[in-house]
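Make a model of the complete structure from these sequences and hints.
Listed here are the chains, written in short residue letters.
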Amino acid sequence: RKEVEQDPGPFNVPEGATVAFNCTYSNSASQSFFWYRQDCRKEPKLLMSVYSSGNEDGRFTAQLNRASQYISLLIRDSKLSDSATYLCVVNTLSGTYKYIFGTGTRLKVLA
Amino acid sequence: GAVVSQHPSWVICKSGTSVKIECRSLDFQATTMFWYRQFPKQSLMLMATSNEGSKATYEQGVEKDKFLINHASLTLSTLTVTSAHPEDSSFYICSASGARDTQYFGPGTRLTVL
Chain A
1 RKEVEQDPGP FNVPEGATVA FNCTYSNSAS QSFFWYRQDC RKEPKLLMSV YSSGNEDGRF
61 TAQLNRASQY ISLLIRDSKL SDSATYLCVV NTLSGTYKYI FGTGTRLKVL A
Chain B
1 GAVVSQHPSW VICKSGTSVK IECRSLDFQA TTMFWYRQFP KQSLMLMATS NEGSKATYEQ
61 GVEKDKFLIN HASLTLSTLT VTSAHPEDSS FYICSASGAR DTQYFGPGTR LTVL
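Protein sequence lines correspond, in order, to chains A and B.
Numbered according to our numbering, the first sequence spans residues 1 to 111.
Numbered according to our numbering, the second sequence spans residues 1 to 114.
Just so you know, these hints were derived from the structure itself, not from any lab.
What you were told as hints is all true, and nothing was included just to trick you.
Lysine to aspartate or glutamate pairs mimicking EDC-like chemistry, simulated, CA-CA at most 16 Å apart:
#1 A:Lys98 to A:Glu3
#2 A:Lys79 to A:Asp57
#3 B:Lys41 to A:Asp7
#4 A:Lys98 to B:Glu59
#5 A:Lys98 to B:Asp101
#6 B:Lys41 to A:Asp39
#7 B:Lys20 to B:Asp65
Which chain B residues face chain A? A few, computed with CB under 8 Å, are given here:
#8 Thr32
#9 Ser43
#10 Leu44
#11 Leu46
#12 Thr49
#13 Thr57
#14 Ile93
#15 Asp101
#16 Gln103
#17 Phe105
#18 Gly106
#19 Pro107
#20 Gly108
The beta carbon of each residue, even a glycine, is placed where N, CA and C say it ideally should be.
Below, the structure written as structure tokens:
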């Protein structure tokens with residue numbers, strides 16, 4: 001079983017739609033959680049950290065459920081510019097802190 | 001956010017040559033730097049973790065004699081791919097971490113070995 005699992009997609013949605021991505025992780029000792037966005041042939045860029053209380057940044061809402069080891073990202077009112085791959089990242093202490101990446105979920109927002 | 005640079009951004013080389021990639025944290029001191037590799041349509045895979053002044057810790061399956069990592073200062077780490085072969089062609093990305101555990105990624109280096 002992979003340490004961090006995501007549905008690879010692709011998710012093809014019309015502009016203005018709401019889309020949700022899910023992610024599960026296997027290591028209960030994981031410390032912190034993030035969503036990164038990666039555009040084609042570019043490096044990942046931090047979208048947002050994920051907190052147990054849930055957090056929102058504009059059209060983006062992230063949730064963490066430690067009991068179920070589950071992380072989600074909700075994007076409201078999708079824009080064409082949201083088209084990218086969304087990476088779920090779990091920071092786990094294994095000797096040193098290490099990021100474990102999910103395979104990413106591809107989103108394509110259609111006009 | 002913090003700025004991390006990588007050089008070169010892309011490189012094409014012949015099989016058997018060695019290639020050095022630099023990773024610099026420009027506006028903060030990075031106690032730890034990480035090197036990742038990403039093949040097409042796959043996620044980032046951690047290759048090694050390096051702390052300034054000490055030997056890098058390599059992930060399972062990554063040959064330390066092939067991928068030489070030097071972290072000589074708090075702002076610079078280098079990855080040297082020795083005797084590169086076509087199967088080493090990939091997107092190599094570094095990241096740097098300061099006092100907190102958040103990692104900041106460099107723009108990546110695209111290596112093509114002919």
